[in-house]
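A.B. asks: With the first letter of the sequence shown counted as 1, position 210 gets the number 309 in our numbering; the numbers rise by one all the way through.
It is worth saying that the hints were derived from the structure and are not from the lab. Check each hint, because a few of them may be wrong.
Computed list of lysine to aspartate or glutamate pairs in EDC-like fashion (alpha-carbon distance at most 20 Å, straight line) [to be verified]: (1) K238 / D281; (2) K238 / D277; (3) K286 / D200; (4) K238 / E291; (5) K286 / E175; (6) K194 / D217; (7) K229 / D277; (8) K229 / E165; (9) K229 / D275; (10) K194 / D294; (11) K238 / D217; (12) K238 / D186; (13) K229 / E196; (14) K361 / D343; (15) K169 / D186; (16) K255 / E291; (17) K238 / E228; (18) K154 / D186.
Simulated restraints on C-beta separations [as the list claims (entries may be wrong)]: (19) K255 / Y221: 18 to 26 Å; (20) N160 / K255: 36 to 44 Å; (21) I342 / A369: 36 to 44 Å; (22) E325 / A348: 31 to 39 Å; (23) A355 / R326: 36 to 44 Å.
Note that the coordinates shown come from a computational prediction; the quantities given were computed from them, not determined experimentally. Don't be surprised by glycine CBs; every beta carbon is placed ideally from N, CA and C.
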Amino acid sequence: TTENQSSQCHHGGTCSAFAPLPSSRAVQRREKVQCNGAPKGLIGIAAFLGFASIKVVNQGNVAVVERLGKFHGVLEPGLHVVIPVVDRLRTTLSKREQVFDIPPQQCITSDNAPLAADAVVYWRVVDPEKAVYSVMDLKMAIQNLVLTQLRSEIGKLTLDMTFSAREQINSVLLQDLDVATDPWGVKITRVEVRDIIPNQDIMRAMEMQMAAERTKRAVIIKSEGERARSINEAEGEAQSRLIDARASAEAVTLEADAQASKLELEAQGAARAIAAIEESLGNKEDAARFQLMREYIAAQRALATSRNAKVIVSPDAVSDVLVKAMAFYDVNEKKK
100 TTENQSSQCH HGGTCSAFAP LPSSRAVQRR EKVQCNGAPK GLIGIAAFLG FASIKVVNQG
160 NVAVVERLGK FHGVLEPGLH VVIPVVDRLR TTLSKREQVF DIPPQQCITS DNAPLAADAV
220 VYWRVVDPEK AVYSVMDLKM AIQNLVLTQL RSEIGKLTLD MTFSAREQIN SVLLQDLDVA
280 TDPWGVKITR VEVRDIIPNQ DIMRAMEMQM AAERTKRAVI IKSEGERARS INEAEGEAQS
340 RLIDARASAE AVTLEADAQA SKLELEAQGA ARAIAAIEES LGNKEDAARF QLMREYIAAQ
400 RALATSRNAK VIVSPDAVSD VLVKAMAFYD VNEKKK
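Make the full structure from the sequences, and use the hints.
C.D. replies: Set out below in structure tokens:
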């Protein structure tokens with residue numbers, strides 16, 4: 100029939116030319132769905148682009164921006180708006196001071212002594228554009244440069260000087276590295292040589308040398324101590340003798356002065372006694388004899404009171420003087 104021919108093609112399938120037309124309700128529903136889907140897609144794309152255009156850089160960092168593959172600028176800390184797809188953040192760098200630990204490196208001193216030395220480098224980025232585009236690997240470049248300069252400076256010194264010239268090595272390394280890294284936009288703030296370690300043979304030799312030096316210093320110090328002790332003892336003995344001599348001299352002087360004073364007082368007393376006797380007797384010679392007799396009697400009394408056996412001989416002259424003295428004594432007693 101004609102209806103079957105319209106719905107069937109000569110290949111046995113349904114032809115689109117003869118397909119039934121959609122109803123008006125289905126066409127309206129399809130148009131409504133298409134109108135509602137288009138604004139949602141545009142809003143999503145706009146939201147994505149807006150979110151992608153907002154960039155936040157943290158405090159202490161900077162971001163390098165490229166526009167179409169070329170350097171465009173540096174973003175400081177804060178909120179920034181870039182052009183999506185056109186602008187791209189190449190990298191983010193820290194402008195704070197950073198610490199770079201240099202691993203131990205084998206070095207040879209000017210006197211051919213092998214040793215290992217390492218260092219610590221303090222650095223910071225001052226020009227982000229140079230730091231990104233002037234060198235491929237910034238940290239690797241700094242490390243190799245420090246190692247090269249460290250080997251060069253240690254090679255100029257002897258082994259003994261490397262232990263005492265660290266400040267000099269640090270100063271030279273800082274100056275050379277600061278000049279060499281300036282094209283890279285980097286500022287080297289400080290370089291510190293941390294450890295300088297010779298090999299085992301040199302360490303043993305140094306320990307033996309130090310032990311010998313300590314022994315030598317100990318012997319010297321001991322001998323100086325003994326010498327000082329001997330000197331001090333000699334000086335002390337000499338001063339002691341001098342003090343004893345001075346004390347003995349002063350004692351002799353004082354004793355002589357005392358004896359002289361005693362004799363002087365006794366002489367004065369004897370003179371006064373003789374004068375009194377002379378005044379009583381009227382004869383100076385008799386007075387002197389009388390005084391001698393008194394002293395003789397006192398001496399005899401002292402001998403008589405001792406416990407030793409003794410023999411006392413009295414000459415006639417002495418006896419005569421004694422008689423006269425006794426008579427004088429009796430006369431004076433009667434006068435009283």
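A.B. asks: So, for every hint listed, does it hold in this structure?
C.D. replies: These are the hints, each one checked on the structure:
1. K238 / D281: 14 Å, holds
2. K238 / D277: 14 Å, holds
3. K286 / D200: 16 Å, holds
4. K238 / E291: 17 Å, holds
5. K286 / E175: Holds - the C-alpha atoms of E175 and K286 are around 19 Å apart, at most 20 Å.
6. K194 / D217: This hinted pair is violated, its Cα atoms lying about 25 Å apart.
7. K229 / D277: This hinted pair holds, its Cα atoms lying about 15 Å apart.
8. K229 / E165: 14 Å, holds
9. K229 / D275: Since the Cα atoms of K229 and D275 sit roughly 19 Å apart, the hinted pair holds (cutoff 20 Å).
10. K194 / D294: The hint is violated at about 28 Å.
11. K238 / D217: 16 Å, holds
12. K238 / D186: 27 Å, violated
13. K229 / E196: Satisfied, since the Cα-Cα distance of roughly 17 Å is no more than 20 Å.
14. K361 / D343: Roughly 26 Å separates the two Cα atoms, so the pair is violated.
15. K169 / D186: 9 Å, holds
16. K255 / E291: Holds: K255 and E291 sit about 18 Å apart, inside 20 Å.
17. K238 / E228: 15 Å, holds
18. K154 / D186: Given that 20 Å is the threshold and the Cα spacing comes to 11 Å, the pair holds.
19. K255 / Y221: 18 to 26 Å: 24 Å, holds
20. N160 / K255: 36 to 44 Å: Roughly 40 Å apart at Cβ, these two residues keep to the hinted range, so it holds.
21. I342 / A369: 36 to 44 Å: 40 Å, holds
22. E325 / A348: 31 to 39 Å: 34 Å, holds
23. A355 / R326: 36 to 44 Å: 43 Å, holds
Hint check: violations occur at hints 6, 10, 12, 14; the rest are consistent with the structure.
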